[in-house]
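Trainee: So the chains spell out like this:
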Amino acid sequence: MKIKLSLLWICLFVIAGFYVGDQYDLLYPNYFPAPAYDFTKNSLTKEKVALGRALFYDPKLSKDNTISCASCHSPYNGFAHTDHDLSHGINDQIGTRNAPALFNLAWQKSFMWDGAINHLDMQALAPISHPKEMNESIASIAQKLQAEVKYPPFFLRAFGDRVITGERILKALSQFQLTLVSAGAKYDQVKKGTASFSSQEANGYRLFQANCNSCHVEPLFSSYAFASNGLAIDTTLNDFGKGAITKKARDQLLFKIPSLRNLSYTYPYMHDGRFRKLRSVLKHYTEGIVPHTNLAPRLQKGITLSVREQTDLIAFLLTLNDKEFVFNADHQFPKSFFFPKEGLED
Amino acid sequence: MIQATILYHLLLAANLFYVAPTTELRLEFLPSYAQAPLNLSEGGETETIQIEKLKCYLSNFELYEGTQRVFVETNSYHLLDASVPNSLSFHLEIPSNLNFSEMRFKIGIDSTTHAGGAFGGDLDPMHGMYWTWQSGYINFKLEGRATACPARKNKFQFHLGGYQYPFNTLQEVRLPVKGKKMIAVAIELDELLSSIDLATDYLIMSPNAAAVKMAQQLPALFSIEDEN
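Read top to bottom, the protein sequences are chains A and B. For what it's worth, the numbering used here labels the leading residue of the first sequence as -11, then goes sequentially. For what it's worth, the numbering used here labels the leading residue of the second sequence as 861, then goes sequentially.
Some clues are possibly wrong.
Stated by the list, open to error - Derived lysine-lysine pairs resembling DSSO-like cross-links, with alpha carbons at most 30 Å apart:
1. A:LYS235 with B:LYS1041
2. B:LYS1013 with A:LYS120
3. B:LYS1001 with A:LYS235
4. B:LYS1001 with A:LYS236
5. B:LYS1013 with A:LYS236
6. A:LYS29 with B:LYS966
7. A:LYS48 with B:LYS1001
8. A:LYS120 with B:LYS1001
9. B:LYS1013 with B:LYS913
10. B:LYS1073 with A:LYS235
The hints are simulated quantities; they were obtained by calculation from the structure and are not laboratory data.
Work out the full structure, taking the sequences as your base and the hints as a guide.
Mentor: Printed below as a string of structure tokens:
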């Protein structure tokens, strides 16, 4: 009996030693592929997700405490920078690319329009350090947060002690972003058998599968590979995409294929935000493709769609809007963290 | 019966805590320039070349006896920073009575770790040895001023990194060693700096051919200083 009791104690100690918070279960539909993110190295807990959420909305992450991640990635726009073709950063400086929407990041293997970043954990370093974005350094952020009243206890809850490091900030930011799963659109309800397409949407779906699905692959609506879809080079930006990173000829003008979920919330479109309307996007695919050596073979003959078909295709694309995701309060500004005295629920 | 199985499991557990006797092999790295221990410049000196920053990752320490690998350090990542004396020496925890005649290590960070997300300790990007606009550790950083250098404030900056073909900058060092308790390794910068024409080559800040070329010169800077 005594032995059993002490064993129990040993077990409790061991468990307490490994206790790093409440497990967070990432929910996604069974027709999604397995995530690419390695959760064994950064397993989700409710505390770390909450910490990451606070960091994501905190302008302290910028040099002059004015710009947060959410300044360019707004929850109400599927975490894109809607209505800005090129993103705005510190001192109102304008960047060179459109801020992409952030969702289903757990399924992506590389990040940025040109794939410059190889892991979600390391992505945040780019905007943090960019002189036109947040103009800060991760070391200085760690110092700033360490000196705050609010953060050390938050890190204690999430990581087991109060020490704030670059690794912990980055992992917490990843955790919050990994929870941004978009899988509640009408398309998903149809998949689950709880809704059905109108005949127009069904025709659009057929056209989508015939013309777009090779790159914008269901159910994530992207293979997250790199391709050229024949956009003319904007000579004011001269952005060569992946080629500028790898310096290989065959990568020139390739950009990451974006997901087509939530398009109504994430306009304008393309890496430089050149199109404001889905009509213009379809006009590009049917009439505007500029041939060059790296143009995707699939698009070399162009895409033919009648005006009627374009309308149907757009009707289908609109079934990929995920209101449930865009208005999910769990992803929004955590009021109770920033303004605890107001006693508001977050 | 139950007590016997509990006892058995306790013994099993105790086994987990058994560790073979080990001893410390102390490593000391001694950067030098112009035949003297490296003194980082604080500005204002008049020498033609002043070194302001030397930081470098050493990783994957191994010991060999002949061609036989007899020891591998786990989680073997060490950031050397000439401005932080403590970072220039550390020890390997090796089995007692181990025979070895060669030490091998890498200058830089392996590609798996490069693509493995955020890490702590010496690998924490807080140390300023991680590129932010494009993923990748800076394997070796050397900065300073040279009168010959036409850049702003006569600065030269060499940030060597890159982990993907064809710009992989990871390098291996192999050193014959005799010491059993302490190994002192000299890092002599003279040869490197004298091979560069600072009037034309003074800036490397991304993975490219120049970075690879300079990285290939690094192993030769390392040599055994003295031993006991």
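Trainee: When the structure is checked against the list of hints, which entries are broken? Sort them ascending.
Mentor: 1 and 5
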